[in-house]
Amino acid sequence: MAALVYELSFLFLAGMLALITVLVVRRWQDEKNRGARERMRHRAARAYLARIEGGGESAAPADLPPAAKLEAVSHLLRLMRGTERDRLLALADEDRLFDPAIAASNSSRPARRSEAILTLEQFGSPRCVQTLQVLLANDASMTIKLEAAAALARLGGLPPLRDTISLLALEANRPTRLHVALFASLAATHPEQIRQLLSEEITPPLRAMLIDALSSSGDLADLGDFERAAADEEPEVRSAALRAARRVGDPRCEAWVLPMLTDPVDFVRVQAAQTVAKLGFTRARPKLKQLTTDESVWVRIRAGEALSLLPGGAS
Amino acid sequence: MNGEDAFYFAAEAVFWLSLACFVIVVIRNLVSVIQLAVASWAFWNRPRPTARLIDLWSKGVDLAPPISVIAPAYNEELSITQSVKALLALEYPEHEVIVVNDGSKDATIDVLKRDFELVPIDRPQVAALQVTRILAIYRSRTHRNLIVVDKENGRKADAVNAGIGFAQTPLVCVIDADSIIESDGLLRAVEPYMLDDGSLVAVGGAIRVVNGCEVRGGSLRKIAIPREWLARFQVVEYLRAFLTARVANAELDSLLLISGAFGLFRRSMLVEIGGYRHDTVGEDLELVVRIHRHCRENNIPYKIEFVPEIVCWTEAPISLAGLRNQRARWQQGALETLGTHRKMLFNPRYGRIGMLMMPLLVIEDVIGPPAELIGYLIIPAAWALGILSPELALAFLALTFVFGTALSIGTLALEETQLRRTPTAADLASIAVAAIVENFGYRQVNLVFRLAGIKRYLRRETGWSAVPRVGFN
Chain A
1 MAALVYELSF LFLAGMLALI TVLVVRRWQD EKNRGARERM RHRAARAYLA RIEGGGESAA
61 PADLPPAAKL EAVSHLLRLM RGTERDRLLA LADEDRLFDP AIAASNSSRP ARRSEAILTL
121 EQFGSPRCVQ TLQVLLANDA SMTIKLEAAA ALARLGGLPP LRDTISLLAL EANRPTRLHV
181 ALFASLAATH PEQIRQLLSE EITPPLRAML IDALSSSGDL ADLGDFERAA ADEEPEVRSA
241 ALRAARRVGD PRCEAWVLPM LTDPVDFVRV QAAQTVAKLG FTRARPKLKQ LTTDESVWVR
301 IRAGEALSLL PGGAS
Chain B
1 MNGEDAFYFA AEAVFWLSLA CFVIVVIRNL VSVIQLAVAS WAFWNRPRPT ARLIDLWSKG
61 VDLAPPISVI APAYNEELSI TQSVKALLAL EYPEHEVIVV NDGSKDATID VLKRDFELVP
121 IDRPQVAALQ VTRILAIYRS RTHRNLIVVD KENGRKADAV NAGIGFAQTP LVCVIDADSI
181 IESDGLLRAV EPYMLDDGSL VAVGGAIRVV NGCEVRGGSL RKIAIPREWL ARFQVVEYLR
241 AFLTARVANA ELDSLLLISG AFGLFRRSML VEIGGYRHDT VGEDLELVVR IHRHCRENNI
301 PYKIEFVPEI VCWTEAPISL AGLRNQRARW QQGALETLGT HRKMLFNPRY GRIGMLMMPL
361 LVIEDVIGPP AELIGYLIIP AAWALGILSP ELALAFLALT FVFGTALSIG TLALEETQLR
421 RTPTAADLAS IAVAAIVENF GYRQVNLVFR LAGIKRYLRR ETGWSAVPRV GFN
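Those protein sequences? They're chains A and B, same order as listed.
Here the working numbering is used: the first residue of the first sequence is 1, the next is one more, and so on.
Here the working numbering is used: the first residue of the second sequence is 1, the next is one more, and so on.
Keep in mind the hints are simulated off the structure, nothing from the lab.
A couple of the hints might just be wrong.
[As the list claims (entries may be wrong)] With a cut-off of at most 30 Å between alpha-carbon atoms, the simulated DSSO-like pairs for lysine-lysine come out as follows: (1) B:Lys85 to B:Lys105; (2) B:Lys303 to B:Lys343; (3) B:Lys455 to B:Lys343; (4) A:Lys278 to A:Lys289; (5) B:Lys105 to A:Lys145; (6) B:Lys222 to B:Lys85; (7) A:Lys278 to B:Lys85; (8) B:Lys85 to B:Lys113; (9) A:Lys32 to B:Lys222.
Let's have the full structure, built from the sequences with the hints guiding it.
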């Protein structure tokens, strides 16, 4: 036993020393080759530029490593727009630069799949979008699905919102703040789909999330939806309606916001106080004064703040 | 009992004591190697931090939960302005800084009043968790998100409690006065809350040693390694603590400690449990243990997570006296926490916290340090007297010196493959050398310092031993 412990200790140390030596040497080589890598990236970039203009060789220089080509394409994509950008993506696809990322999207390690999403999102060629859609549909990890959805949202490749909700299992699970962020980022481009979903039977957390998202579109035509949400029986939906009113900032919502200062649920009254303050509804002043003696400390605090923020101060 | 019997009895006692020390050291190393393996597994599967998700939500101010950063300050007149400016400049959509002047004897409050144009305000305290008197509350005219609470002197726990009481945001970030937060530290630390279903109550983050780095205006400008060997050894220790132990414990839902230098908590949970305790020098450990206890006793679903990315930098002591005070205090704090929550030990009601983590705390903090130290003395002596086989004596030394070194090097390798925050290959090599050298002297000295903590605990000393700081470059 003692001999085994002794041998194992030295074996473990030898292994770790070998590993750290390799890592130090790798880092040292990285530092040493920084200039050479930069030169390779420049060569690759020049080659792609020549190919885009049609004056260069038909293929990228074979001696360049794929990583250098990928870096060059990534750099050029940031500078290009329109047909030049499409041509560059097509060339990168032709050179199969995305193949490693597409292969990594099937890795058993979530870490590798997440890294693959980064690359696929950055380039966004049709093959990349297709791979992201497969990840959204089939991945076992909800976090990876959400990352794929966020990438697709940026690339304009998300499936219809109803399907996205279903793929992210939002009918059964409570949406997180990241889900709200995702749908808020879609509100400007897909408001009609959100409105359609709001007209259907959906769970209260989902309804609240969609109200939050819709308000990011900044479309005043949605005030009716918010007003209907303000009359919802679920307090979290009413709260979302108040947040939406705050975000949209239209004074026409005063008629339904003011009565919510007397909502039976304290966190709705908190939202209502914050909303009247933000929108400057001075007619709320008497009610706010009453709320400064509310049973909930948070309502008292927010009512006091609202009074001080309304035109004329707390007087 | 004749002389021969007495010698035989003494030899037996020495033999069994040696064996006990050996077994304890084996267990401690086994735990460390399991933690290294679990942490490697966690890193292997964990997506590397990316800016994408942060990009997604940080644009919407409403979506990021507002945070109050609570910074206790005591006699910080020389550095308080820069520190507060750095806190105000943190990248976060909506954060408030609450500086709590804990009865400073110098001009801390006057400097704050002058540099930030403070005006007295009447701000309600949501929960009075402090035991000392609040003297005044101020708001800055130049920075609307800066609140200063002036109070009588208590200790850090009391100052933080006062700050928690005045916080009105769902999350509070508790830091030390000398913590240097990474510019995107709040964004990183809050990310678990963005995916939270409502059960997440606390998030800890990795902390590194700032000695040797370039710090200007309270912000980190350039990462470097410390010149002093004592600080370099602590770099290795921090890597072991944050990249293996904490990552592994968090992976197993058993995180027991969120460092006082940086912790992001749900404010309502802190208020519910009454904030930090005032009667312990290990208030950060005690707080997390109490959160576990409270949630388990009341069947509250809860999660405590850890972010392995660096969120904060802290100054390590570079004198043996400073190190002694710090380590003795940590040791005393751990023992006080164990004493307070002894009911949780081996109690299945507390799940893996009671059945696994608390017993490990006993091994690590109660019997581990004296066992290793006694082992250094008694095992070679027993071998010399022929009581113990040379194989066992060599195995003990191999475990402490050789295995310990391998663990440190393994952690450094983990850092290099996953986070790569050591600036250059030369620095990496220097830290690797420190990881080897620390096992020959530094480790043993630390054990002695921990014995001092045990002594303080037994004497029920309540004083706070200051750790001298030299300031930043």
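These are the hints, each one checked on the structure:
1. Proposed proximity of B:Lys85 and B:Lys105 is supported: the alpha carbons are some 22 Å apart, at most 30 Å.
2. Between B:Lys303 and B:Lys343, the direct Cα distance comes to roughly 21 Å. Compliance with the 30 Å bound is thereby established for this hinted pair.
3. With a C-alpha separation of about 23 Å, the suggested pair B:Lys455 and B:Lys343 falls inside the 30 Å cut-off, and the hint holds.
4. Of the pairs offered as hints, the one joining A:Lys278 and A:Lys289 holds, with about 16 Å between alpha carbons and a cut-off of 30 Å not exceeded.
5. At most 30 Å may separate the alpha-carbon atoms for a hinted pair to count; B:Lys105 and A:Lys145 exceed this at roughly 55 Å.
6. Annotation: proposed proximity of B:Lys222 to B:Lys85 holds, straight-line Cα distance about 18 Å (limit 30 Å).
7. About 28 Å separates the Cα atoms of A:Lys278 and B:Lys85, which keeps this hinted pair within 30 Å; it holds.
8. A distance of roughly 14 Å separates the Cα atoms of B:Lys85 and B:Lys113; the hinted pair therefore holds under the 30 Å criterion.
9. Restraint check for A:Lys32 and B:Lys222: the C-alpha separation of about 21 Å stays at or below 30 Å, so the hint holds.
Comparing the model with each earlier hint shows a violation of hint 5 alone; every other hint is respected.
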